[in-house]
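*Asks:* Starting from the known structure of chain A, arrange chain B on it as the hints suggest.
Going down the list, the protein sequences come from chains A and B. Just so it is clear: in the first sequence, position 222 is 222 by this note's numbering, and no numbers are missing. Count along the second sequence from 1, add 465, and you get the number used in this note's numbering.
Since the hints were derived computationally from the structure, they do not count as laboratory data. Please note that a few of the clues may not be correct.
[Claimed, not checked] The list that follows gives simulated cross-link-like pairs (lysine to any residue, SDA-like), each with its CA atoms no further than 25 Å apart:
{"no.": "1", "chain 1": "B", "residue 1": "Lys687", "chain 2": "A", "residue 2": "Asp297"}
{"no.": "2", "chain 1": "B", "residue 1": "Lys692", "chain 2": "A", "residue 2": "Asn341"}
{"no.": "3", "chain 1": "B", "residue 1": "Lys687", "chain 2": "A", "residue 2": "Glu428"}
{"no.": "4", "chain 1": "B", "residue 1": "Lys692", "chain 2": "A", "residue 2": "Phe429"}
{"no.": "5", "chain 1": "B", "residue 1": "Lys875", "chain 2": "B", "residue 2": "Gly897"}
{"no.": "6", "chain 1": "B", "residue 1": "Lys687", "chain 2": "A", "residue 2": "Ile345"}
{"no.": "7", "chain 1": "B", "residue 1": "Lys687", "chain 2": "A", "residue 2": "Gly25"}
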Amino acid sequence: MQYNVTVIGSGPGGYVAAIRCAQLGFKTTIIEKYDTLGGTCLNVGCIPSKAMLDSSEHFHNAAHTFKEHGIDISAPKANLGQMIRRKGDVVKQTCDGIAFLMKKNKIDVHTGMGSFVDKNTIKVTGKDGKEKTITTEKVIIATGSKPTPLPFAQFDKKRIISSTEALELNEIPKHLIVIGGGVIGMELGSVYARIGSKVTVVEFLDSLIPTMDGTMGKELLKISKKLGMEVYLGHMVTSLENKGKEVALKAEDKSGKTLELKADYCLVSIGRRPYADGLGLDKVGIETVKGQIPVDDHLKTKVDNIYAIGDVVRGAMLAHKAEEEGVMVAEQLAGQKPHINYLLIPGVVYTWPEVASVGYTEEQLKQAGRAYKVGNFPYKALGRARASMDTDGLVKILADKNTDEILGAHIIGARAADMIAAGVTAMEFRASAEDVSRMSHAHPTYMEAFKEACLAATANRPIHL
Amino acid sequence: MTIQVKVPTVGESISEVTIANWTKKDGDVVQMDEVIAELESDKATFELTAPKTGVLRIKKQQGETVPIGELICEIEESAGSAVPASKTESKVAPGAAPAAAPKATGAVKEMKVPAVGESITEVTISTWLKKDGDFVKLDDIIAEVESDKATFELPAEANGILRIVAQKKQTLPIGGLICKIEVMDGVPATSPAASTSAPAITAAASTDKSYAAGHPSPAAAKTLDEKDVAASQVSGTGVGGRITKEDAVKAQAGSPVKPEAAKATVPSGPPVIAGGGGRNKRAEKMTSLRKTIARRLVSVKNETAMLTTFNEVDMKPVMELRSKYKDKFKEKYGVGLGFMSFFTKAVCIALKEWPAVNAQLNGDEIIYHDYCDVSIAVSTPRGLVVPVIRNAESLTFDQVENEVIRLATKGRDGKLSIDEMQGGTFSITNGGVFGSMLSTPILNPPQSAILGMHNIVERAVVKDGQVVVRPIMYLALSYDHRIVDGRESVSFLVRVKELLEDPGRLILGV
Numbered sequence: 001m002q003y004n005v006t007v008i009g010s011g012p013g014g015y016v017a018a019i020r021c022a023q024l025g026f027k028t029t030i031i032e033k034y035d036t037l038g039g040t041c042l043n044v045g046c047i048p049s050k051a052m053l054d055s056s057e058h059f060h061n062a063a064h065t066f067k068e069h070g071i072d073i074s075a076p077k078a079n080l081g082q083m084i085r086r087k088g089d090v091v092k093q094t095c096d097g098i099a100f101l102m103k104k105n106k107i108d109v110h111t112g113m114g115s116f117v118d119k120n121t122i123k124v125t126g127k128d129g130k131e132k133t134i135t136t137e138k139v140i141i142a143t144g145s146k147p148t149p150l151p152f153a154q155f156d157k158k159r160i161i162s163s164t165e166a167l168e169l170n171e172i173p174k175h176l177i178v179i180g181g182g183v184i185g186m187e188l189g190s191v192y193a194r195i196g197s198k199v200t201v202v203e204f205l206d207s208l209i210p211t212m213d214g215t216m217g218k219e220l221l222k223i224s225k226k227l228g229m230e231v232y233l234g235h236m237v238t239s240l241e242n243k244g245k246e247v248a249l250k251a252e253d254k255s256g257k258t259l260e261l262k263a264d265y266c267l268v269s270i271g272r273r274p275y276a277d278g279l280g281l282d283k284v285g286i287e288t289v290k291g292q293i294p295v296d297d298h299l300k301t302k303v304d305n306i307y308a309i310g311d312v313v314r315g316a317m318l319a320h321k322a323e324e325e326g327v328m329v330a331e332q333l334a335g336q337k338p339h340i341n342y343l344l345i346p347g348v349v350y351t352w353p354e355v356a357s358v359g360y361t362e363e364q365l366k367q368a369g370r371a372y373k374v375g376n377f378p379y380k381a382l383g384r385a386r387a388s389m390d391t392d393g394l395v396k397i398l399a400d401k402n403t404d405e406i407l408g409a410h411i412i413g414a415r416a417a418d419m420i421a422a423g424v425t426a427m428e429f430r431a432s433a434e435d436v437s438r439m440s441h442a443h444p445t446y447m448e449a450f451k452e453a454c455l456a457a458t459a460n461r462p463i464h465l
Numbered sequence: 466m467t468i469q470v471k472v473p474t475v476g477e478s479i480s481e482v483t484i485a486n487w488t489k490k491d492g493d494v495v496q497m498d499e500v501i502a503e504l505e506s507d508k509a510t511f512e513l514t515a516p517k518t519g520v521l522r523i524k525k526q527q528g529e530t531v532p533i534g535e536l537i538c539e540i541e542e543s544a545g546s547a548v549p550a551s552k553t554e555s556k557v558a559p560g561a562a563p564a565a566a567p568k569a570t571g572a573v574k575e576m577k578v579p580a581v582g583e584s585i586t587e588v589t590i591s592t593w594l595k596k597d598g599d600f601v602k603l604d605d606i607i608a609e610v611e612s613d614k615a616t617f618e619l620p621a622e623a624n625g626i627l628r629i630v631a632q633k634k635q636t637l638p639i640g641g642l643i644c645k646i647e648v649m650d651g652v653p654a655t656s657p658a659a660s661t662s663a664p665a666i667t668a669a670a671s672t673d674k675s676y677a678a679g680h681p682s683p684a685a686a687k688t689l690d691e692k693d694v695a696a697s698q699v700s701g702t703g704v705g706g707r708i709t710k711e712d713a714v715k716a717q718a719g720s721p722v723k724p725e726a727a728k729a730t731v732p733s734g735p736p737v738i739a740g741g742g743g744r745n746k747r748a749e750k751m752t753s754l755r756k757t758i759a760r761r762l763v764s765v766k767n768e769t770a771m772l773t774t775f776n777e778v779d780m781k782p783v784m785e786l787r788s789k790y791k792d793k794f795k796e797k798y799g800v801g802l803g804f805m806s807f808f809t810k811a812v813c814i815a816l817k818e819w820p821a822v823n824a825q826l827n828g829d830e831i832i833y834h835d836y837c838d839v840s841i842a843v844s845t846p847r848g849l850v851v852p853v854i855r856n857a858e859s860l861t862f863d864q865v866e867n868e869v870i871r872l873a874t875k876g877r878d879g880k881l882s883i884d885e886m887q888g889g890t891f892s893i894t895n896g897g898v899f900g901s902m903l904s905t906p907i908l909n910p911p912q913s914a915i916l917g918m919h920n921i922v923e924r925a926v927v928k929d930g931q932v933v934v935r936p937i938m939y940l941a942l943s944y945d946h947r948i949v950d951g952r953e954s955v956s957f958l959v960r961v962k963e964l965l966e967d968p969g970r971l972i973l974g975v
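The following block holds chain A by itself, in its conformation from the complex (with noise of 0.2 Å):
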């Protein structure tokens, strides 16, 4: 079989590069080992844990706010097993698209797993051990990336769990301890608390969330001890051990003291590495480092024909920047010369409320020596947040102090994610945070914390405040 263009991995990376290809008319084929299409995001990733999350949440919502809100009802019962169900119907319904863009833009699927014979040349190995061989001009490699373990505890996947187990565990934890307060950790955490287990965070790092601004960090401690999880900040894990009906874990802070707990479950959330196994680079000539694909700035391997996008290169583990370099290459394939700007990739934690930023962070700015001003508004002053009850959080603005042009959104709060993409479109365009706060945002709406926190950015004025 001979193509334009064949594409490993099916991830948001590789299908969005697939489509954007046969879109530009080249002949494609994505080849992905696992049944469904789609990766780590659709199968084991952002779907369904959203969907978990929202169960969760909706869950919490019954057994906590449905009362005040004035809807009487007994005390309600976490399903997990029903909850695992419909996150799977998520999963499937969402998987199904991704085959039916598959055919839509005629683009061959090839099941199994796929790896270099030589530049031009990919076989595909099928579970079966069948073998097929093709033949194509480029080559865009999107394998993505699997959970790191910790180096002295493998997953065992039944007490020492990643997050594709935690998205199918059989019952509700009495206990979890989650090892990583970053995005992943965070979010399946904040799913268990809700639904009734003892969770524990313990990060290395003195912020959860470390790499967004310090105040996002700040506000979801707050906000997850509210939920009652337990959180150990600054505490590196010394062991982990499974007991077989128990897990023991043990961490010391910086001073040396030693902690120790226990709990039925331990979720490792330490981060992801990229996944480039059994792709066969030693036949092109492809080495990685610490795990990576090195690529150029036009995502070019060393090899001519072949580029990598996504989890596997340098930058943000984020789909929606893999999708971005997906079609960057496709376009690029086709002679255009599309751009990223890297800066402006947003980055979201899916916690109840959310957290979302794009731009530069307060320490960011702080360290580069950037003259800056900050404007913060709370969702408590806003009066969408109050009908709906969703007061935590708050939007902060960063902008610079003599030009007014926005560095930096970070929002924490409810619909946090989707609000992002204002302070996107306005830093893509390099807006002032006057320019925003001169833009009417509609009322009532959790917009309207944003517009504020521009205003008070341009010159602390907002007006709710």
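*Replies:* For chain B alone, kept in the frame of chain A given last:
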């Protein structure tokens, strides 16, 4: 169903038209017989109407030249308009209503291009003096508009908030919509504080050069890169000088030579690199004025029987007279005594004697003028303009000098009115100020002759059998041989020479 709209046959001998203006946008719903575009042929501007009701899909862009019969746009008949006419009409109302709504309130004043003179069919917005969203007062000058003849100022027709419709550099036909003014409620005097303070803040927010000037939008950045155009070469029309997608697309359209040039230089790359020097090209849109100049000059060459006769003038007598009286002249009249007055007066006398030179063709008739309206060519940054000294034959020297200065100054400032440039019967151009020794001027139609002045150079000439040094100026008279015969043109020029070489004759008229 999609209706293809092709360029209609608009008259014999017209083979192509230029799209002057799309009055509807791509994707707009247009009603049958509604004007969707203005097309310009070399003869006239006419309107293109929609043959059906539906959604407009533009295929040829504004400024493109399209041969007769070629596809210009498509109209996708919407599902609703496929039903019988009566229903279509009922659909018209809601479709038209939103557009008409602001007008219906009576609170929006639409400002259209005024008729600025006969023969002027279009104008270009040269500058907006007020910004979109500014509060403007009745009669405030809000924009400068340029026609092929003159620049004029556009006063606001109402008090209110300015909403700019036609952007800078855009060319509009007479009657085209320039801007809208959202008329402020009540008497302006009652709410000036409120209405002016708000715009003041707006103005402060978007003053001068923004830090974001020249920043391309994401789509613009991609387009510019693909066209190999640096953002710094594009002037952004977006807020604060940002480069919009449209700017980027136009930057590409405006410099069609670029891709070709790039391709051409690639194979011969090394020598170019070795040369080291920059090889930038720059494409600028012609102004209306420039376009008119270009069109007219070519048509003069094509449509007249133009030729030039030469002579030389010994300028010594004029120069002596001038140096003798220039101080007294200045003292008395407050204006310097230049050569223009001598030439103008000499020309007027000669024109009286050789009326064909002062005449012009009008169809089968020859129009003779009993007066001399002398056009003088003035070079301005915008191009050549030719204001007219009226009844020059009856003016005194100082009046001529004053008039020359007044018109030249106005010309340079771009303030000449069309009236001041129309109706000359004869022209004088002075290439001498730039150092020209000799030239063959081009007629200023519909005039039949033009006198070219040149620099004054000391030359060895023979006088009374002796070689002497004299300040000499060569004169050139270009004329339309269709109505001016050689005898007349040559005699005219000889007469001018005689009058200048013996200025006393200017007074006596002999």
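*Asks:* Each hint: holds or not?
*Replies:* Hint by hint, here is what the structure shows:
A C-alpha spacing of about 15 Å is found between B/Lys687 and A/Asp297, which places the hinted pair at or below 25 Å, so the restraint holds. Proposed proximity of B/Lys692 and A/Asn341 is supported: the alpha carbons are some 19 Å apart, at most 25 Å. Between the alpha carbons of B/Lys687 and A/Glu428 the distance comes to roughly 13 Å, so the proposed pair stays at or under 25 Å and holds. Annotation: proposed proximity of B/Lys692 to A/Phe429 holds, straight-line Cα distance about 21 Å (limit 25 Å).
Restraint check: the Cα-Cα separation between B/Lys875 and B/Gly897 comes to about 21 Å, which is no more than 25 Å; the hinted pair holds. Between B/Lys687 and A/Ile345, the direct Cα distance comes to roughly 17 Å. Compliance with the 25 Å bound is thereby established for this hinted pair. Proposed proximity of B/Lys687 and A/Gly25 is supported: the alpha carbons are some 20 Å apart, at most 25 Å.
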